[in-house]
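So the sequences go chain by chain: A and B. Residue numbers for the first sequence follow my numbering, beginning at 1 and rising by one. Residue numbers for the second sequence follow my numbering, beginning at 1 and rising by one.
These are computed hints drawn from the structure, not numbers from a lab. Be aware that a few hints might be false.
Any copy will do: because identical chains look the same in the list, a pair fits if it lies in one copy or spans two.
Unchecked claim - The list that follows gives simulated cross-link-like pairs (lysine to aspartate or glutamate, EDC-like), each with its CA atoms no further than 16 Å apart:
hint	residue 1	residue 2
1	Lys-95	Asp-69
2	Lys-96	Asp-165
3	Lys-268	Asp-197
4	Lys-95	Asp-165
5	Lys-268	Asp-194
6	Lys-210	Asp-223
7	Lys-2	Asp-67
8	Lys-2	Asp-16
9	Lys-42	Glu-102
10	Lys-110	Asp-126
The structure displayed is predicted, hence computed values, not measured ones.
2 protein chains.
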Amino acid sequence: MKVITSPVEIQTVAQDFRAKQLTIGLVPTMGFFHNGHVALMKEAGRRADKVIVSLFVNPLQFGPSEDFDTYPHAFEKDCQIAEDAGVDILYTPNKKDMYSEEFATTIQVKGLTSGLCGGDRPGHFDGVTTVVGKLFNQTLPHIAVFGEKDFQQLAVIRQFVRDLDFPISIIGYPIVREANGLAMSSRNSYLKKDEMDAALCLSTAIRYAKNLVRKQQNIAVSDIEKKVADTLLKHSECTIDYIQIVHQNTLQNCTQISSDSILLIAVKINNRIRLIDNSKLTGG
Amino acid sequence: MKVITSPVEIQTVAQDFRAKQLTIGLVPTMGFFHNGHVALMKEAGRRADKVIVSLFVNPLQFGPSEDFDTYPHAFEKDCQIAEDAGVDILYTPNKKDMYSEEFATTIQVKGLTSGLCGGDRPGHFDGVTTVVGKLFNQTLPHIAVFGEKDFQQLAVIRQFVRDLDFPISIIGYPIVREANGLAMSSRNSYLKKDEMDAALCLSTAIRYAKNLVRKQQNIAVSDIEKKVADTLLKHSECTIDYIQIVHQNTLQNCTQISSDSILLIAVKINNRIRLIDNSKLTGG
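Required output: the full structure, derived from the provided sequences and hints.
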């Protein structure tokens, strides 16, 4: 596996792959790899000849009171994990090369970005779409793989790729969970031992909601949201950012449950650690 | 010359050119071709194996009180001109295929877009950068050629291409003028016979400003701007949108004249026809 830090070099390498008719799969990440990342890397490897994983903690997508400065990192370990997952290139640009002092451009998606995480984290998705647009132009992938845990992010990325006609297939990959049900996330490393029970409230609430739907097909959306809230609030460490059941494409609130309905949850544990999770409510 | 209307088809054709190691030159236009366009097409032909000219009157870059509905068009004649100029593909997408009902994405450049034409035409440059980003992804050019008449537009395009790392060389091409000095523009077709004298005030004022600088190297910027204004206002048909002498890269006002200084002028003739022109003030 090769490690590349220069945007100019990665673009040259990508153009070289393309000149040789090799397909490129990109997995954009912020590092501190877990098995969720590994699953994305392997999926990219199944779908493309060459796998590029970008590792860049993107300042544009963090708010002023968020965890940019403390975001976990473990570069040596990440290199080993990526290499073991069959990654060809780990691309780790530095902040100065990504954003010059004169940098002045934003890719912005309206609508999909206004509620949910966009409501709690103003400017977050502008930062995501802008950096992902840059990474696409730097690495020139045929496909790019994103985790479904960041469900709204995936929808926003699909939208700007479609709107701006990027010649890239966007692949969503299902959430990878710990044995206890916790959705894998680099931010789980913030959890202290005695916070784990509270953190499990998200996956517990999701299982509970799916059971409700299974037992009572015509249950009102507001009933489910209310009962999920009750489940979460059993844990005093837990405050709710949002609980919403939305259509998977439009992210608009559902009026009734269907196979397109997604339950999206965001909570804070001890006002310190923001966790998100989601699931379809029917099937599987 | 082939005429293509489908974004999907042009992207396939562009990918096919690239697979054959052929370079692509793009000239984005709004049609109603004149010799200025022809010069851009021929420049693209000198620099790339295949020339794609896009012809799309982009609604996003017109304000509500502007001339979108009356913008001149002459498709048959445009086809002939493009073919004669050696263009390989004339790409004329329709509005519905460019902007679906769900379209929600903007590419926005801050700073460079705030004054000059951006001040007079709010949202104009967002429309330009967004459509040019789309055209880039649809036609996958190695180089793209733009006229220097739209000087601010060219600076804004260079900025977003650099910021978003599009792997495309942006080529600026000098203003092409009529024998009488008038900068060529599709909007010149709006001019009635008795408005031509007034329209010539821009190129006359530019020649006058260059003479001033030649004669008096340390002349104050404000003096030149004042004298240019006097020249323009000799024509009662003429109102001034702006007269500014700026640095060619930053578009910030110059404090003194140098080889980087550009005089930018925008006027309205009879409050109906907006014309722009520009020139360096030293050399040539």
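Alpha-carbon proximity between Lys-210 and Asp-223, which holds within one copy, between copies, both or neither at 16 Å: within (13 Å within a copy, 75 Å between copies)
At most 16 Å between C-alpha atoms: does Lys-2 with Asp-67 qualify within a copy, between copies, both, or neither? For Lys-2 and Asp-67, neither the intra-copy (29 Å) nor the inter-copy (53 Å) Cα distance is at most 16 Å.
Can you tell me if Lys-268 and Asp-197 fall within 16 Å by alpha carbon in one copy, between copies, both or neither? Classified as within; 13 Å inside a copy, 69 Å across copies.
Tell me, please, which holds for Lys-2 and Asp-16 at an alpha-carbon limit of 16 Å: within, between, both or neither? Classified as within: same-chain Cα gap 15 Å, cross-chain 29 Å, threshold 16 Å.
Which holds for Lys-95 with Asp-69 at a C-alpha limit of 16 Å: within a copy, between copies, both or neither? within (13 Å within a copy, 45 Å between copies)
Regarding Lys-110 and Asp-126, is the shortest C-alpha distance of 16 Å or less found within a copy, between copies, in both, or in neither? both (10 Å within a copy, 14 Å between copies)
What label fits Lys-96 with Asp-165 when the C-alpha limit is 16 Å: within, between, both, or neither? Intra 28 Å, inter 14 Å, cutoff 16 Å: inter-copy only.
Within, between, both or neither: how does the pair Lys-42, Glu-102 come out at a Cα-Cα threshold of 16 Å? neither (37 Å within a copy, 33 Å between copies)
When Cα atoms must be at most 16 Å apart, do Lys-268 and Asp-194 count as within-copy, between-copy, both, or neither? within (15 Å within a copy, 71 Å between copies)
Within a copy, between copies, both or neither: which one fits Lys-95 and Asp-165 at a CA-CA cutoff of 16 Å? The answer is between: 14 Å across copies meets 16 Å, while 27 Å in one copy does not.
Hints 7 and 9, counting from the list given before, are not met by this structure.
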